[in-house]
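Chemist: Protein chains in written order, with the working numbering: chain A, 288 to 544; chain B, 1306 to 1561.
Warning: the hint list may mix true and false statements.
[As the list claims (entries may be wrong)] Below 30 Å or equal to it, Euclidean Cα-Cα: the simulated DSBU-like pairs (lysine-lysine) are:
(1) A:K471 to B:K1547
(2) A:K517 to A:K471
(3) A:K327 to A:K499
(4) A:K499 to B:K1547
These are computed hints drawn from the structure, not numbers from a lab. Source: prediction; values computed, not measured.
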Amino acid sequence: MTVASGRRARITAITSGKGGVGKTFLSANLATALARQGEKVLVLDADLGLANLDVVLNLFPKITLHDVFTGKSTLDQAILETSGGFSVLLAGSGMVEYSRLTPEVREQLTDVIQQVVPRFDRILLDTGAGISDVVLYTVSLADEVLIVATPEPTSLTDAYATIKVLATTQTRRDIRVLVNQVSKPGEGRVIRGQLQQVVDRFVSPGLEVPVKLEFVGEVPIDPSVRDAVKKRQLLLECLPGSAAAQAVIAAATRLRA
Amino acid sequence: MAPAPGVLNSRSTVNSKPPFLQSAPPDALRLEQALSLLAQSGQGAPAGTQGSTPWLQSLIDALCDLSSRDGLTGLANRRNFENAIARESDRVARSGEPALLLMLDIDHFKRINDQHGHVAGDLVIKAVAEALSATVRPMDLVARFGGEEFAIILPNCPPAFGATVAERIRERVESRAISLVSGQQLGCTISIGGAYAPQWVRSTPSVWMERADLQLYRAKSEGRNRTCLEPTPVSVVSAEEKGLLFASSIFGEDLS
């Protein structure tokens, strides 16, 4: 693999307070959109415990991150090309022992990220949901963090809790917000405003620099999403004209700004 | 298309009896030991006509039940517990439900045995088992883990209640007087360690048990007769914060 001199990927961690909000689906489709906009993208499946990027992408990897961690394979062997024009590094299902942040897990993750950073323009870290120590550590390795939430109250509460933990335990002050499954246009922006209001009132007063939530986009509830997931295809490939696909493309554009 | 039930085993529909019954008629099965085990456990004979399929099924069910319980206390035994914790840890991995595991141990049990004898020791174990069962919800699983050790799986137990629940169990055991055969009254205490299943990650039951065990060890070393729960890193969102979060027009009202 040739290494372009001076190349250093921008690392974006994609996380959510609650599971099942479409985080992995969005990671894969955002990667497709970013790749189409000219970025060389790697999606690193950092959801070490419940990795399912392979399911979303319909891949049956023989070599995974687990093999790299255990020294069975090289990193190059584990990086796969996808039909969406981006690369993936899959966690694999043998990763149960990585559900706890041990010094080894910490070292191996850092090592892998250091090795891929000079080879790509963008690395999307598809982290696990929740605020476990593995998730917090993975997020700490990123240049920026994108929180995925849905308008559902439990998702919003968990997204807020995650923002609070990130702001107070890490020096993160800029957090991007992408709202999935909105039922009416404008709902995502309202939700971002709502989260910002609570953060301003309850989180920022304890910090030297206030936390700023940046709206990255909203993806509408769209039956084409379910169709794509069922077919195990990328939405941007099989239904590029759908409202949800267009929303993902718009979010990717804002993510590059 | 999936075949309809019954069609699946089309080969065996010619002769509906399972193969082992074809070669051995029910009265030729050696069931004395199984039946005497059931009688001894106080379960009584299986229902139905002796040797019929329903009778054999109820015999098997009774044996399954027997093999999943602890003989002394009637609680779930370790085998049963290990099945249950594996199921629970898989379930909460994706649901994100808070599930609490408590590991409990009778304080100075060896001393009770040495001073009052093994019969008294057994009574103490039984009394503790009863106190535990009486304190938890029907959905919780109380198991005798071995010796004077117990474990309780509490599915869907919010982190805010965990300490209260564990403390209530400890108090219940402490307040209970155990009458020995000699007429003497004996009291005992327990130490409790607890940990929540990791949320949204697939973990292993052994990791979960190890964490609860570590807290039990802490409770013991801090002087016994106390509960120690692993501190949860979960950031609590107050009612006030939630109030503001859901205050605006997004829920219910029109945005246009």
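Chemist: Which of the listed hints are broken here?
Modeler: none
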